[in-house]
Amino acid sequence: DAGITQSPRHKVTETGTPVTLRCHQTENHRYMYWYRQDPGHGLRLIHYSYGVKDTDKGEVSDGYSVSRSKTEDFLLTLESATSSQTSVYFCAISRTGHMNTEAFFGQGTRLTVV
Amino acid sequence: QQQVKQSPQSLIVQKGGISIINCAYENTAFDYFPWYQQFPGKGPALLIAIRPDVSEKKEGRFTISFNKSAKQFSLHIMDSQPGDSATYFCAASKGGNDYKLSFGAGTTVTVRA
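In the order they appear, the protein sequences are chains D and E. Positions 1 to 114 (our numbering) are the ones given, in order, by the first sequence. Positions 1001 to 1113 (our numbering) are the ones given, in order, by the second sequence.
A portion of the hints provided could be inaccurate.
List of simulated lysine-lysine pairs, BS3-like, C-alpha gap at most 25 angstroms [to be verified]:
(1) E:Lys1015 - D:Lys57
(2) E:Lys1094 - E:Lys1068
(3) E:Lys1068 - E:Lys1015
(4) D:Lys57 - D:Lys70
(5) E:Lys1058 - D:Lys53
(6) E:Lys1068 - E:Lys1042
(7) D:Lys70 - E:Lys1100
(8) E:Lys1005 - D:Lys57
(9) E:Lys1058 - E:Lys1071
(10) E:Lys1100 - E:Lys1057
(11) E:Lys1094 - D:Lys53
(12) E:Lys1005 - E:Lys1094
(13) E:Lys1015 - E:Lys1042
(14) E:Lys1100 - E:Lys1042
(15) E:Lys1015 - E:Lys1058
(16) E:Lys1005 - E:Lys1100
(17) E:Lys1058 - D:Lys57
(18) D:Lys53 - D:Lys70
(19) E:Lys1057 - E:Lys1015
(20) E:Lys1005 - E:Lys1068
(21) E:Lys1042 - D:Lys11
Here are the computed distance ranges between Cβ atoms for each label pair [what the hints assert, rightly or not]:
(22) E:Gly1041 - D:Thr82: 19 to 29 angstroms
(23) D:Thr86 - E:Asn1022: 21 to 31 angstroms
(24) D:Lys11 - E:Val1054: 42 to 52 angstroms
(25) D:Val52 - E:Gly1017: 47 to 57 angstroms
(26) D:Pro18 - E:Val1054: 45 to 55 angstroms
(27) E:Ile1018 - D:Thr71: 15 to 25 angstroms
These stretches of chain D come out as covered by chain E in the derived footprint (C-beta under 8 angstroms, 3 or more residues) [stated by the list, open to error]:
(28) 7-18
(29) 73-86
Since the hints were derived computationally from the structure, they do not count as laboratory data. Note that CB positions come from ideal geometry on N, CA and C, so glycine has one too.
Using the sequences and the hints given, assemble the complete structure.
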């Protein structure tokens, strides 16, 4: 497996509480991504980063924010969790942003909002 | 709105049989089409990828067929094995430095021994 660690791996939280998921990489890759995976939808991009402090929105960014203060860490924050954010969240990394560059995925974080 | 439509949602094949998964897209700016394989409890991993300047790419028992005019591409798994049982996702991205992947909904393949 590529050097990607997601934490926590599982979390149950209550509606309205803030939640932060962490992605840590040891590959020194420039690009990092957060996806969510839901049945019937595949994986959908939430936010991505193309360098330290450089981030941009994906297709399902509402309700989420991200930060990247170091190359190796990419944080995903749900400011006020809702039941619709119950999902499996995957972090991915890639060496470059070029289309032929392989993306490596972490093992995922299963988040349940009750 | 899903930019890449994938079918079937699931399929069951006997050991030694052929699994076929189909994907279609509308955005003609897409220029790179990877397939990812995902086992339960794991993240997706790149299986094979193709660009539209070729009509077919083969790696071992896995083959991508690409039809640019129809905006369709498919994955064929030949001589399917129980170890191939997984969820497969097709995806697409635009050219240049835009590596944002648009994924299909996924196909769960079960290979019966």
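Status of the hints after comparison with the structure:
1. The suggested pairing of Lys1015 (chain E) with Lys57 (chain D) is violated, with an alpha-carbon distance near 43 angstroms, which exceeds 25 angstroms.
2. Under the criterion of a C-alpha separation no larger than 25 angstroms, the hint pairing Lys1094 (chain E) with Lys1068 (chain E) is consistent with the structure, at around 14 angstroms.
3. The suggested pairing of Lys1068 (chain E) with Lys1015 (chain E) is violated, with an alpha-carbon distance near 31 angstroms, which exceeds 25 angstroms.
4. The straight-line distance between the Cα atoms of Lys57 (chain D) and Lys70 (chain D) is roughly 19 angstroms, inside the 25 angstroms bound, and the hint therefore holds.
5. With a CA separation close to 40 angstroms, the supplied pair Lys1058 (chain E) and Lys53 (chain D) exceeds the 25 angstroms bound.
6. Restraint check for Lys1068 (chain E) and Lys1042 (chain E): not satisfied, since their Cα atoms lie roughly 32 angstroms apart, outside the 25 angstroms limit.
7. Annotation: proposed proximity of Lys70 (chain D) to Lys1100 (chain E) holds, straight-line Cα distance about 21 angstroms (limit 25 angstroms).
8. Annotation: proposed proximity of Lys1005 (chain E) to Lys57 (chain D) holds, straight-line Cα distance about 22 angstroms (limit 25 angstroms).
9. Under the criterion of a C-alpha separation no larger than 25 angstroms, the hint pairing Lys1058 (chain E) with Lys1071 (chain E) is consistent with the structure, at around 19 angstroms.
10. For the hint linking Lys1100 (chain E) to Lys1057 (chain E), the alpha-carbon distance of about 22 angstroms falls within 25 angstroms, and the restraint holds.
11. Pair hint Lys1094 (chain E) plus Lys53 (chain D) holds up; C-alpha atoms about 24 angstroms apart against a cutoff of 25 angstroms.
12. Pair hint Lys1005 (chain E) plus Lys1094 (chain E) holds up; C-alpha atoms about 16 angstroms apart against a cutoff of 25 angstroms.
13. Taking the CA atoms of Lys1015 (chain E) and Lys1042 (chain E), the gap is near 23 angstroms; set against the 25 angstroms cutoff, the hint holds.
14. Pair hint Lys1100 (chain E) plus Lys1042 (chain E) holds up; C-alpha atoms about 21 angstroms apart against a cutoff of 25 angstroms.
15. Between Lys1015 (chain E) and Lys1058 (chain E), the direct Cα distance comes to roughly 20 angstroms. Compliance with the 25 angstroms bound is thereby established for this hinted pair.
16. With a C-alpha separation of about 17 angstroms, the suggested pairing of Lys1005 (chain E) with Lys1100 (chain E) holds against the 25 angstroms cut-off.
17. At roughly 35 angstroms between alpha-carbon atoms, Lys1058 (chain E) and Lys57 (chain D) are farther apart than 25 angstroms, so this suggested pair is violated.
18. The suggested pairing of Lys53 (chain D) with Lys70 (chain D) holds, with an alpha-carbon distance near 8 angstroms, which does not exceed 25 angstroms.
19. This hinted pair checks out: Lys1057 (chain E) and Lys1015 (chain E) have alpha carbons roughly 23 angstroms apart, not beyond 25 angstroms.
20. Distance check on the hinted pair: Lys1005 (chain E) and Lys1068 (chain E) sit about 15 angstroms apart at the alpha-carbon level, within 25 angstroms; holds.
21. With a C-alpha separation of about 17 angstroms, the suggested pairing of Lys1042 (chain E) with Lys11 (chain D) holds against the 25 angstroms cut-off.
22. For the hinted restraint 19 to 29 angstroms between Gly1041 (chain E) and Thr82 (chain D), the CB-CB distance of approximately 25 angstroms keeps it satisfied.
23. At roughly 30 angstroms, the beta-carbon separation of Thr86 (chain D) and Asn1022 (chain E) lies within the given 21 to 31 angstroms, and the hint holds.
24. Restraint check, Lys11 (chain D) to Val1054 (chain E): a C-beta distance of roughly 43 angstroms satisfies the suggested window 42 to 52 angstroms.
25. At roughly 49 angstroms, the beta-carbon separation of Val52 (chain D) and Gly1017 (chain E) lies within the given 47 to 57 angstroms, and the hint holds.
26. Look at Pro18 (chain D) against Val1054 (chain E): about 47 angstroms separates their beta carbons, and that is inside 45 to 55 angstroms.
27. For the hinted restraint 15 to 25 angstroms between Ile1018 (chain E) and Thr71 (chain D), the CB-CB distance of approximately 44 angstroms leaves it violated.
28. Taking a C-beta to C-beta cut-off of 8 angstroms, the region 7-18 of chain D contributes 0 residues in contact with chain E, too few for the three needed, and the coverage statement is violated.
29. Counting residues of the region 73-86 of chain D whose beta-carbon sits less than 8 angstroms from any beta-carbon of chain E gives 0, not enough to reach three: the coverage restraint is violated.
Hint compliance for this structure: hints 1, 3, 5, 6, 17, 27, 28 and 29 are not met, and every other hint is.
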